[in-house]
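Residue-level listing of the chains:
Protein chains: 2
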Amino acid sequence: MEANMGSLMGCTSSTPSFLIHLNRQNGAIFTRRCMGHLCLRTAVSACGSSSDAAMVIDKKRVGKDIITEIRTEVSRMKESISMVPGLAVLLIGDTIISEPYSVPCEFVGIRSFVVRLPEGTTEEKALESVSGFNDDPCVHGILVEFRLQSHMDEHKILNAVSIEKDINGFNPLNIGLLAMRGREPFFLPRTPKACIELLHRNNIEIRGKTAVVIGRSNSFGMPVALLLQREDATVTIIHSKTKNPEDITRQADIIISAVGKPNMVRGSWIKPGAVIIDVGISFVPDQYARYGFRCVGDVFYEEACEVASAITTDVGDPGLLRIAMFLSNTLTSAKRIHNFL
Amino acid sequence: MEANMGSLMGCTSSTPSFLIHLNRQNGAIFTRRCMGHLCLRTAVSACGSSSDAAMVIDKKRVGKDIITEIRTEVSRMKESISMVPGLAVLLIGDTIISEPYSVPCEFVGIRSFVVRLPEGTTEEKALESVSGFNDDPCVHGILVEFRLQSHMDEHKILNAVSIEKDINGFNPLNIGLLAMRGREPFFLPRTPKACIELLHRNNIEIRGKTAVVIGRSNSFGMPVALLLQREDATVTIIHSKTKNPEDITRQADIIISAVGKPNMVRGSWIKPGAVIIDVGISFVPDQYARYGFRCVGDVFYEEACEVASAITTDVGDPGLLRIAMFLSNTLTSAKRIHNFL
Chain A
1 MEANMGSLMG CTSSTPSFLI HLNRQNGAIF TRRCMGHLCL RTAVSACGSS SDAAMVIDKK
61 RVGKDIITEI RTEVSRMKES ISMVPGLAVL LIGDTIISEP YSVPCEFVGI RSFVVRLPEG
121 TTEEKALESV SGFNDDPCVH GILVEFRLQS HMDEHKILNA VSIEKDINGF NPLNIGLLAM
181 RGREPFFLPR TPKACIELLH RNNIEIRGKT AVVIGRSNSF GMPVALLLQR EDATVTIIHS
241 KTKNPEDITR QADIIISAVG KPNMVRGSWI KPGAVIIDVG ISFVPDQYAR YGFRCVGDVF
301 YEEACEVASA ITTDVGDPGL LRIAMFLSNT LTSAKRIHNF L
Chain B
1 MEANMGSLMG CTSSTPSFLI HLNRQNGAIF TRRCMGHLCL RTAVSACGSS SDAAMVIDKK
61 RVGKDIITEI RTEVSRMKES ISMVPGLAVL LIGDTIISEP YSVPCEFVGI RSFVVRLPEG
121 TTEEKALESV SGFNDDPCVH GILVEFRLQS HMDEHKILNA VSIEKDINGF NPLNIGLLAM
181 RGREPFFLPR TPKACIELLH RNNIEIRGKT AVVIGRSNSF GMPVALLLQR EDATVTIIHS
241 KTKNPEDITR QADIIISAVG KPNMVRGSWI KPGAVIIDVG ISFVPDQYAR YGFRCVGDVF
301 YEEACEVASA ITTDVGDPGL LRIAMFLSNT LTSAKRIHNF L
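Sequences listed follow chains A and B, in order.
Counting along the first sequence from 1, when you hit position 266 you're at 266 in the working numbering, and nothing is skipped either side.
Counting along the second sequence from 1, when you hit position 20 you're at 20 in the working numbering, and nothing is skipped either side.
These are computed hints drawn from the structure, not numbers from a lab.
Glycine included, every Cβ here is placed at the ideal spot set by N, Cα and C.
A portion of the hints provided could be inaccurate.
[Claimed, not checked] Label-pair distances were calculated between CB atoms; the ranges are:
#	chain 1	residue 1	chain 2	residue 2	range
1	A	His151	B	Arg76	56 to 64 Å
2	B	Asp286	A	Asn159	52 to 60 Å
3	A	Leu158	B	Ile337	49 to 57 Å
4	A	Pro285	B	Arg76	52 to 60 Å
5	A	Gly182	B	Pro285	30 to 38 Å
6	A	Ser102	B	His155	52 to 60 Å
7	A	Ser82	B	Phe283	39 to 47 Å
8	B	Phe340	A	Asn159	54 to 62 Å
9	B	Thr68	A	Glu123	21 to 29 Å
10	A	Asn203	B	Gly182	31 to 39 Å
11	B	Asp153	A	Asn203	19 to 27 Å
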């Protein structure tokens, strides 16, 4: 896995730049604009050709690191208590597309269980499958995915998943526990958790920093804001009713965006030295692109690179980090259920 | 009740000012500093003697208005479906102090049920009482109050209250539903709900405004921030790890504080024309006061009066508004349980 890390990594698909491959053991790179403790010290790549450009936070590397750690933990668990975590996936309304979890599960030693329910399956059948996973002691994490058009009550199926195995973390009780001080949620939702991992594993301090989250969705904006607050950031959520959002982002040490508005966050919106995590993805027409469109983020990447100290974008993201989060939550669940420290 | 409204009302206990008694039917008072739509149009009193001072939001009047409305609704419910809401109060560890809910319940027509468990009662006995209230169809709201030293597991007792009757609204599931867009909590926690009522009933627009909440407690700061966000404000929570909180409060159209730090928010922290809701209470030594101390809020009241457009403070608050919120939540619960619109 490490052997791949020295390869050419694109800052965007059109402006490749060489990955500076260093880790904590080998040394540290500091960004040129250091904002308090907001420094990047681990694997980063230069964004664009300017010597004053932001460093690119290497999501792929963080994903690989986490997967390696999970593999080690699963192995330790197997050796110690002869148990391995199990991830169950219920695919509803899809009989063609293969599911993406089996291979990574196998790689880290997690057992995977897949049930495919074709279009037209009754709600009762789906609930039966969920109930079976809930009761199965070999299953520690459950994912339900609705593909194609399903005529089922999705809420009803999702609510049937036992909260102790609901690794998506979107159950309202889990969200409530995430919001409350002194309480612990069962799971951290995957994309918000991935953002925090990116900051932590690049030694970007969150405590005492001002953070702006753009977007307030249940699946990302709201939980990532709650997570940042648990990490002692001072958090503001910007949304569609916010007036002059650029005045607010310009005060922020950390900007996290997930609204799907192409290039909304311009360079002028960003405080020099800020850290940017762009989770938004949009497709815009481009007559020069192969298929007539290209993929852009919420943040105007080229402009942001000139102002921010560190940046990462979802554009072109292989999703490795998100899969790592599912595996991590499955492991967390198995350790909790079997009281394995 | 209305007859009392023309009485002298203290802006603080030391600087009384005459209540300007107007309501929506009679006319409207506009504050001199109007910030966009942030205008006070209903019952307010001048704060201090300066002609340029903030208007005092009249909490007592809002409390009375709500209680009057509840009384009317309870009466309508009784006439329509021959049912009245019921509020059950479990007092643990106190056999002396009388409970404060019976009289207001009686006034609005809500039945009240009080169980007192003296110091030394077993946890099982308390759980038995909660279970009885959960199952009683005449009970729609349950409050559990721990007084004096109790050796019980308070979390265990509180968690036993059915979420459909838990009018405190602090159950994690309820908080999760409050945090999520498109979901509805069973109840709004009382003090956050009271703050929103104060803003609504004084025609102070929340949508699109910047709001700062000082303090992130589970019982107030966090839920009031979630509520403001549901009302489409752009919300920032300030807490003990926030650097330069005054820079953040100075941007805010609405400041709500509940940290218990005497006079922390100075006049220089406040944007001209902002609206202030101060829920914090502290006691500070005062050799000239009758008992050697006096009660102050988080906000330096006299300074804030010179800058804000509207202000309200908990200092000297009779708690009428909070009791109104309990009664309101009990009514909400009864209407939901009996499907009474």
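Hint check:
1. A/His151 to B/Arg76: 56 to 64 Å: 41 Å, violated
2. B/Asp286 to A/Asn159: 52 to 60 Å: 55 Å, holds
3. A/Leu158 to B/Ile337: 49 to 57 Å: 26 Å, violated
4. A/Pro285 to B/Arg76: 52 to 60 Å: Holds, at about 58 Å.
5. A/Gly182 to B/Pro285: 30 to 38 Å: Holds, at about 31 Å.
6. A/Ser102 to B/His155: 52 to 60 Å: With Cβ atoms ~41 Å apart, the hint is violated.
7. A/Ser82 to B/Phe283: 39 to 47 Å: Given a distance of about 60 Å, which is not inside 39 to 47 Å, the answer is violated.
8. B/Phe340 to A/Asn159: 54 to 62 Å: Since B/Phe340 and A/Asn159 have Cβ atoms about 26 Å apart, the given range 54 to 62 Å is violated.
9. B/Thr68 to A/Glu123: 21 to 29 Å: This hint is violated: roughly 47 Å between Cβ atoms.
10. A/Asn203 to B/Gly182: 31 to 39 Å: 37 Å, holds
11. B/Asp153 to A/Asn203: 19 to 27 Å: 40 Å, violated
Comparing the model with each earlier hint shows violations of hints 1, 3, 6, 7, 8, 9 and 11; every other hint is respected.
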